[in-house]
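Chemist: One-letter residues, chain by chain:
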Amino acid sequence: MAKVDPAMRSSSLTRLLRVTAFAALATVCSLVGASTTVAPDFTLPSRSGDSISLEQLKGQVVMLNFWASWCGPCRQEMPLLDQMHKRYSSLGFTLLGVNVEEDSAAAEKWLAQTPVTFPVLYDKDNKVSQLYQVDSMPSTVFIDRKGNVRYLHRGYKPGDEGEYLNQIRALLKE
Amino acid sequence: MNDGRSACIHDASVSGANHFRAATLALLSLLAMTLLPLVSDAGVLPEDRADLLYHRYDGGGVTIHGPSLLVRKTMAEKYSVSANYYMDMVTSASIDVQVSGASEYKEERNQYSLGFDYLRGKTTYSVGFTHSDEDDYKAKTASFNISQDLFGDLTTVTMGFSRGSDTVRRRDTITDRIDNNFSEPVERWSYRVGVSQILTRSTIMSLGLEVITDQGYLNNPYRSFRYVDPENDTQYKLATEIYPHTRTSNAVSLNARYFLPYRAAIHGSYRFFTDTWGIGANTFEVGYVHPLKATPWTFEASFRYYDQSRADFYSDLFPSIDYQNFMGRDKELSTFTSKSLHLGASYEFAKTGWRFVKRGTVNLYYDRMQFDYDDFRDARNRSLAAGTEPLYSFGANVFQCFVSVWF
Amino acid sequence: MDTTGISQQSLPSSSSRQEVTFVSSPLPSWQRTRASGLVRCGAAALALFALSACGNIEPWVKPYERQALADPIMSFDPNPVSSAYIDHVYEAREGARGALGSSGGGCGCN
Chain A
1 MAKVDPAMRS
11 SSLTRLLRVT
21 AFAALATVCS
31 LVGASTTVAP
41 DFTLPSRSGD
51 SISLEQLKGQ
61 VVMLNFWASW
71 CGPCRQEMPL
81 LDQMHKRYSS
91 LGFTLLGVNV
101 EEDSAAAEKW
111 LAQTPVTFPV
121 LYDKDNKVSQ
131 LYQVDSMPST
141 VFIDRKGNVR
151 YLHRGYKPGD
161 EGEYLNQIRA
171 LLKE
Chain B
1001 MNDGRSACIH
1011 DASVSGANHF
1021 RAATLALLSL
1031 LAMTLLPLVS
1041 DAGVLPEDRA
1051 DLLYHRYDGG
1061 GVTIHGPSLL
1071 VRKTMAEKYS
1081 VSANYYMDMV
1091 TSASIDVQVS
1101 GASEYKEERN
1111 QYSLGFDYLR
1121 GKTTYSVGFT
1131 HSDEDDYKAK
1141 TASFNISQDL
1151 FGDLTTVTMG
1161 FSRGSDTVRR
1171 RDTITDRIDN
1181 NFSEPVERWS
1191 YRVGVSQILT
1201 RSTIMSLGLE
1211 VITDQGYLNN
1221 PYRSFRYVDP
1231 ENDTQYKLAT
1241 EIYPHTRTSN
1251 AVSLNARYFL
1261 PYRAAIHGSY
1271 RFFTDTWGIG
1281 ANTFEVGYVH
1291 PLKATPWTFE
1301 ASFRYYDQSR
1311 ADFYSDLFPS
1321 IDYQNFMGRD
1331 KELSTFTSKS
1341 LHLGASYEFA
1351 KTGWRFVKRG
1361 TVNLYYDRMQ
1371 FDYDDFRDAR
1381 NRSLAAGTEP
1391 LYSFGANVFQ
1401 CFVSVWF
Chain C
2001 MDTTGISQQS
2011 LPSSSSRQEV
2021 TFVSSPLPSW
2031 QRTRASGLVR
2041 CGAAALALFA
2051 LSACGNIEPW
2061 VKPYERQALA
2071 DPIMSFDPNP
2081 VSSAYIDHVY
2091 EAREGARGAL
2101 GSSGGGCGCN
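Protein chains in written order, with the numbering used here: chain A, 1 to 174; chain B, 1001 to 1407; chain C, 2001 to 2110.
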């Protein structure tokens, strides 16, 4: 019968507890990062053929949504985003869908089945994704009328749209 | 066949301390994971789906067929529940049945499984229960798994534990009734650890380790070993197998999948297996999946090679009835190779959705298996001198036809 | 000729058995310490969990580059009902068991 040296057992346990405590303290990630940094400018081709640049939308509240047709949560939130765009676009709000796929055929196919009214931009070489340091799919960026990044949402879970609406209204009031 | 020496096979007993240590570590890991602050981004639960499968196995004098139904549903966006009903309808006149002198038998096995997955942050906790029921064997298993995404979701670490409890009964071959005086338990513990790692945009690999321990009545109550008839050494007699009461096995596997740029995938895997019964096995598999462009068809093919070296207490023919303390003649514990070819065709329907169905597939799989034994002989022909019969081999055809819908 | 099936045999008496002194298949040393091997595996898994919170290793495959990995043909187990069946077919006929099934990959969303 194997015997574990009691001294060894308690020291490895202490080590384990220390590591766990350190890990608990070390995490800083948060779901909604609030900040104020200037939103990097970009120009991307849109689905309708013309080019859209962020600069020309200054003065409006802009919501950038990075999505892909292969991403389940992205597909799930698209119809809700469309509702938001329809509701607030006349009040100075624009929603831009940035599709990050290299080959846009799959995105086109999906949009044919589930059409949206907001502009969809193609970021085929992922330049804008890198510019905005996209680290999660989907990613939603809120840009205020002055062109600053105010809120960042990583991922999508049903219920998040409530928070989106609150932030849109808050930014529109400014 | 064994040489002149007798051998006392060592029955490795399971130390209670080993279980305690492993269980303590599992519990500590669980606690550590719940304490780890939530990286608030969440993972994704498996998709909602329903699958209905018809399976059929024909080979070696055995026919087994039946349905399998699986349903999975997400509830409250955090829980995923799955349920499976599986049935085997067995008609068996296998070589073991024939050698024992019994007649072909029919049997039915029902299996029910229930699973719950809970997603919290980047961790998925899963619990599962399985109950298998046939008139001479009942098996219950409970399992627990934790899956964690790390390093920007490029790494997934999985840990799992299962506990099984079986009851072995025996049907009297003469009266064809369950023998009420025979009921033996089997207890099982299984510990699993796995890591999957994304290497490139097109490559993913995984490494798995599993340790399984059984304790109890581990042989088949209908199987016999054969020994040279003391009165006539060209003939053999049969006796009930005597197995060790414990078995601990270790398996380590490596899998890889690679995406080919024209949209196809190749995959390969290797598993190394050893256990305390002296069995050593290697499993190799390579496969290819090819979706046919601009059509709803996908085709796949794979080849599997398996080789095994025999258990220490296995022999096709023992020189005497008391040759060793443990003796068995189960061909599954012999030295053999098995080769399989798998072909599959899949047709995707409802691509654009139909009512509540997001996507659906109809699938047809065919597997051709070949088992070739190196130290198991075809003892059915009694006119041959015992031990000189040809080595046994058989082929099997396996069909699977199933429909899957995602909703 | 013995044509009947199973004959019930009692365990052989010690007088007719030849006693031996060796273990026919000595376990390799790593197998004897299988539980400590398991403890080591568990410790490695724990270390990985702890590491996940400290330090940010930049993922070399970005979340928006996972198109191929999210494809159903790259899933380790796209049809669980079929893989469970085939695993059972092999396990019932072969001596080896375990270490089947992998998870991971996919779209890495949320």
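Simulated from the structure, these hints should not be mistaken for laboratory data. Keep in mind the model is a prediction, meaning the values are calculated, not measured. Quick reminder that beta carbons are idealized off the backbone N, C-alpha and C, glycines included. Don't take each hint at face value.
Here are the simulated lysine-lysine pairs, PhoX-like style, with alpha carbons at most 25 angstroms apart [claimed, not checked]: (1) A:K146 with A:K86; (2) B:K1237 with B:K1293; (3) A:K157 with B:K1073; (4) B:K1293 with A:K157; (5) A:K124 with B:K1293; (6) C:K2062 with A:K124; (7) A:K109 with B:K1138; (8) B:K1351 with B:K1073; (9) B:K1140 with A:K109; (10) C:K2062 with A:K146; (11) C:K2062 with A:K173; (12) B:K1358 with A:K157; (13) B:K1351 with B:K1293; (14) A:K58 with A:K127; (15) B:K1073 with B:K1122; (16) A:K86 with C:K2062; (17) A:K109 with B:K1293; (18) A:K109 with A:K146; (19) B:K1122 with A:K157; (20) B:K1351 with C:K2062; (21) A:K127 with A:K146; (22) B:K1358 with B:K1073.
Ranges between beta-carbon positions, derived for each pair [said to hold, decoys possible]: (23) B:K1138 with A:L165: 49 to 57 angstroms; (24) A:D103 with B:R1169: 57 to 65 angstroms; (25) B:E1104 with C:A2092: 34 to 42 angstroms; (26) B:V1357 with C:D2077: 18 to 26 angstroms; (27) B:Y1079 with C:D2077: 19 to 27 angstroms; (28) B:E1104 with A:D103: 36 to 44 angstroms; (29) B:Y1347 with A:T114: 20 to 28 angstroms; (30) C:D2077 with A:A112: 26 to 34 angstroms; (31) A:E55 with B:F1272: 56 to 64 angstroms; (32) C:A2092 with A:Q133: 49 to 57 angstroms; (33) A:R18 with B:Y1270: 31 to 39 angstroms; (34) B:V1357 with A:G59: 58 to 66 angstroms.
Chemist: Please write out, lowest number first, the hints stated earlier that are contradicted by the structure.
Modeler: 2, 4, 7, 9, 10, 11, 16, 18, 20, 25, 28 and 34
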